[in-house]
Amino acid sequence: MSTNNNVMVSIDHLYKSYGPEMAVKDFNIEIEQGEFVTLLGPSGCGKTTTLRCVAGLERPEAGEIRIGETTVVAPEKEIFLYPEHRNIGMVFQSYAVWPHMTVFDNVAYGLRVRRASSNEIKTKTMQTLELVGLDHLADRFATKLSGGQRQRVALARAICYQPEVILFDEPLSNLDAKLREQMRDEIVRLQKEVGITSIFVTHDQSEALVMSDRVVVMDKAVIQQVGDPQEIYANPANSFVANFIGVTSLLEGKLDGRDGDICSVDVSMGQGAEPLRLRAIGAEGATPGDTVNVSLRPEDVTLHLERPQGTDHGNLIEGNVIDTIYLGSFLEGRVRVGPHEIGIQIDHFENLVRDQTVYLSFQPEHSLCLAN
Amino acid sequence: MTTETYSSNAVERSRLNNRLRAMVTQENLITLVVALIVAGAVIVPLVVLFVSSFKVLDPAGWDTTWGFGNYVTMFTDRIIPKAFVNTLIISSGSTILATFLGVSLAWINARTNCPGRSYLEPYNLIPFFLSPFVGAIAWHNLGEPQTGLLNNLAREVFGIEGAIINVDNIWGVIWVTGIFFAPLVYLFVVGSLRRMDPSLEDSARTTGAGLFRTTMTVTLPLVMPGILSGAIIVFVTSAGEFGVPFKLSAPYGWETLTTQIFSKAVGDDANHHMGAAMSMALGIITVFLIWVQQRYIAPRSFTTVTGKGFRPNVLDLGPWRWVAFGYNIFFIMVAVVLPIVCLIIVSLHPVWTGKIVLADITTINYVKTLMWWHPEAISAATNGIGNSLILAFGGASISMVLALVISYMIHRTKGFGVRMLDFLSMVPIGFPGIVLAMGVLVTYIQTPIYATLWILMLAYITRFFPYGQRNISSIMLAISEELDQSSRMAGASWFTTLRRITIPLLKPGLFAGWILLFIIFLRELSISIILFTTGTETLSVGVYYLTNFENEPLTSALSMAQTVMLLIAIYAFRRLAGREALTA
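Protein chains in written order, with numbering that gives the first Met the number 0: chain A, 0 to 371; chain B, 0 to 583.
So that you can see chain B by itself, here it is in the shape it has in the complex:
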């Protein structure tokens, strides 16, 4: 008996040993280390932000005490409650506008015989890549009551008194945000519209439902999860948008949460703890909405694709197709063509008074903003291009390597911390850039990396690596694991397999993800505006500086330079990624 007990104990012990030893594998160790690094980058700033929001600065601005004072101030302050309401109005309004534009354009391009729809589609998507801040600057120059180009044209050509439009208010913010985020909704909807099994609608028709009824009871409900997802993303992105309200509404009395956070982060009455509290408030709203979208709406998406290569039902609009065409062109005009044309015109004038004066045309604004060697160059502007290119190249490259490692771990290994990694690469999506930047600011302000490009790089990567990670993950899910395994069967090592099979298969996705991040970093504003200092200005910060301290022509010139760089990147993106790379 005793020997038996002893031996069964020994067996148990050795089993336990084996299990322990089995857990300490290279795979597990590496996964754990990466998970911890990512956790450090993502979680620490948010925790410090949370803690910091409970420190109340005394009126003299020297000492802090613990308490809920900052949260109380948010309700008692003269401006913040209004800013809160304004944020909700702007987000709701631009969500409605963007959803309407995005769904209708997607439907026109995917399901009707609107002329030239396949040529128009790329132009419908351009605003997605451009900077909404620059869009706001352009629309300010188009729709300002006195100096707006459209208002002046209306006065001169049609002899109208006063102004036909005024975008310097909350409605202007909704207008610009709405048209610039419409492509987001478009991308969420167009795939399921285009690939929907046509017999789903055909069977409604043969069962006796007319076109309208079929659309209302079958088509729309089937794409509804996509519409809702797109709408939530637009709401969250608008709530975190800084540039548009900063340019169009804040100077005229309509503050938002983001412009308020900004004023607490920098400037004379800076109060980081108050900024942290407001960031928490904004972050809680956005995280909650993203959680709802990920948890309840995304999984509801209906599988409407049957894999049979059917072309979707295309609706013959008859003469109405020209209305659809005109509508599509109208969108491209207001979202792409007019803003760019306006920037060019304004940037060629020494001062902008609202009128085109051919005699005054000059390139001095481009000289001052781009030619850093020139004596008249404005360093805040000229620093931007170099800094932004470093950040975009470096940030996109590091992010994609990180994204590759994380995706590989999530989808190809079963190491420790895989679930944590999966969760961690979701978290940053829930927080607007300005909130995360506030967290990074309060965390690193007393370390050496503050006031260097590194802090910007760190914040960029932390906030945006999930985009690259999702890009790679979607492809990795589509590539059968058997392709990897076959290589191992054929005698290749793990590393050779990675180098010869996995990475080559992922290459298109890696490039597409890289360029997408490059574009995002090149126009990034809401993180940079919190974390920049003299010398580390980025392109968008340069634009901010010019619009705040210089004049509109100089602002337009740098905006134009940024837009041209973005357009080149967009062209490269389309060449590499193909037309539906974004829908994944």
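The following block holds chain A by itself, in its conformation from the complex:
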């Protein structure tokens, strides 16, 4: 356990279940002061439950959560602080802006509850409203606001009284695409400006990659990987992470052998006369004969219409075009290689026809071999 003084939130061995169903299993993390951490995963993976345990809206069965110096929940020690005693702020997916109050009253609520002086309430609330660009709407009722404006009110309400941590529960998923990007950038800007420790829950991987200092990928109640966005994207710890973050083709095969960092994988799956060998990195700990997945990002694959000359292409395989999809600035294509489908990105507008024979090449260091 680290004794870092900068740790703002620490979660140790957190367990939470609903009936027989395990929602969070052995969750551990330490979050530093000012850090922006995202919990990322598909719905039902336990990310929101973890966040609600930090907020005090759920009671975990085991483990310990500390915010700053205070232990806020530790079932074994019979400690449980109610949400209102944890000095946190929280932004909900449904905004939860109170419809019977004005924008000002919504934002000032936390300060009023904390018995701030009326002067302080006025200045701080107006400052916060300015920060989110809503100072001109202070007297308006929350029901008269657009979705984006409501989310800004919710954000202002959560930061106005300067809590130690701010928790975001999928705050952008009710907004339309354009507004979502705009709010995303605004939350990042505000977070850096105020320097507040943030935990952000989302199922949108692009949100996670853009916003976070660190990403926690979860699946089936368990943490799959923790790392900064680059690391998560370039170096997924397992097939789930590789598949969940970005578009990935996973080719199942058998580990043949290893030469230093580079291992050789047969992905023919018993089809075809001879083995289809790919060279990839990774697969530490796996022994020859083990089933592994080779993970391949579309943008790392080069398309050739003719068999290319030379030998510096790393892996070179032959395949047949399945189809292509026009996506505006580029084409996305699928190519059948033996028993597998490989996704490719084509930025030059080739005229591909169905079943056309093409060649794909990619460097071994761009293809990651993942043990199951």
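Relax, there's no trap hidden among the hints.
Sample of chain B residues lacking proximity to chain A, with all beta carbon distances greater than 12 Å (derived):
1) 29
2) 103
3) 297
4) 353
5) 361
6) 369
7) 371
8) 381
9) 400
10) 422
11) 473
12) 488
13) 493
14) 504
15) 550
Per label pair, the in silico range of CB-to-CB distance:
16) A:246 x B:319: 48 to 56 Å
17) A:117 x B:219: 19 to 27 Å
18) A:251 x B:571: 54 to 62 Å
The hints are simulated quantities; they were obtained by calculation from the structure and are not laboratory data. Beta carbons: idealized from backbone N, C-alpha and C, even for Gly.
Could you slot chain B onto chain A? The hints should help.
Just chain B now, kept in the frame of chain A:
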């Protein structure tokens, strides 16, 4: 130039023609005809009532003159001003009691971990369907100082001198009205409590407010429009309630507006014009309050539902959950169990003296009140079941057809008179049954339908079709019009669409509305009491007759018969309508 002017005139004329022709469509014609029929049924009695209230009967009782005499009498009379005050006291008191009971029970059932709350809820709602008049009769037999069952038990078991309770006064009226109308408030509040987005409260907690503060500043304000609506409806319904004050307070010197209207409508000193004036006074109050509720309070309801299937926050009461449980059981006891048990006990005795005498147990009261072929049968009582069943079946069926037609017009056509229809189906809700019945009486007294079941049927439908109409409208609003349109696109005609798509989709609502009206008609008292004559007694009128001219055991027997019929209908209603059908 001239030709141009001429042609532009012609264009204008043909446009006008087209517009006229466009207005004379089947849709418009039908809507207009229905609107006129409904207007005739709803508006004419109220207008005649208004006019009639300015006719002053001379002391001899033969001639009338025009003037404000009736309204002056309301202030100078020996009894009426007091009746006015009593009505206000009773309405205010029962509103406070019903609101407290309704909100607390709704909160316990929707938001706490009170044991067995989902099993208790249907029993909390039963008083809503039963007759408050019968409730008053039962409570009279429970809480009368000498013959009350509870008082006698207290004397025998605990050796207490005198009586522990006395319900034969204005407080008894408030008590019975309050517990019987508590479910009204409950139904207005429970939906928004149950479906409230939990993050509205969660965000108050994470912002730093405790449970109490969150409840006071977020939860309660958010359900306040529902509470106020429920409270106003209870106030208006209590002001128009006839049976409870007639049984519990009027005989002991506390008259109300309704008991006074009744005494002016029938009996020896009948004075329809005076009754009309008092009905106007009562109607103006209730219409004003309903208008305030519809215009200012209902639209304020906050949309607190986000559509995400969240379960609401459930509060762990700890050991207090048993207090909540006890409170809930207490309500069911006083509102449902005790009255019914008391009716059964009293109905099995030849005479009721306040004591259970096992040796005297008899079924003679049921024979006399139910078996019309029996020589000892009391015809005023035995007529009731047949008449009420005819009225309930016929009235509910006609009302639902009318409601279907009106709802369809309001929500699916753009014909003439749609707005008028919408308004007309609001009006009867504002008038207590006894007021509308007074209007129907003065309008039709010299026509052949007076003294037949038809006049009762007409008044029932006029007063209560809006309930069915709202039931259907709420479902029609929820069913996308695109479902209809898709059927038309697929080649079905308008009528086929109605038969194959619209009505099947509305079927659950139609049945639920039908049974609701069936229940209302089966226990109806305040209209029937004004319009019945010998031979057209209804169930409740039979109960009135027995309590007025016969004894308590006979009254209890017929009350019990009515209650059993209502309980069967309630069971059918719950099977068909599901648990939240009433909140719409």
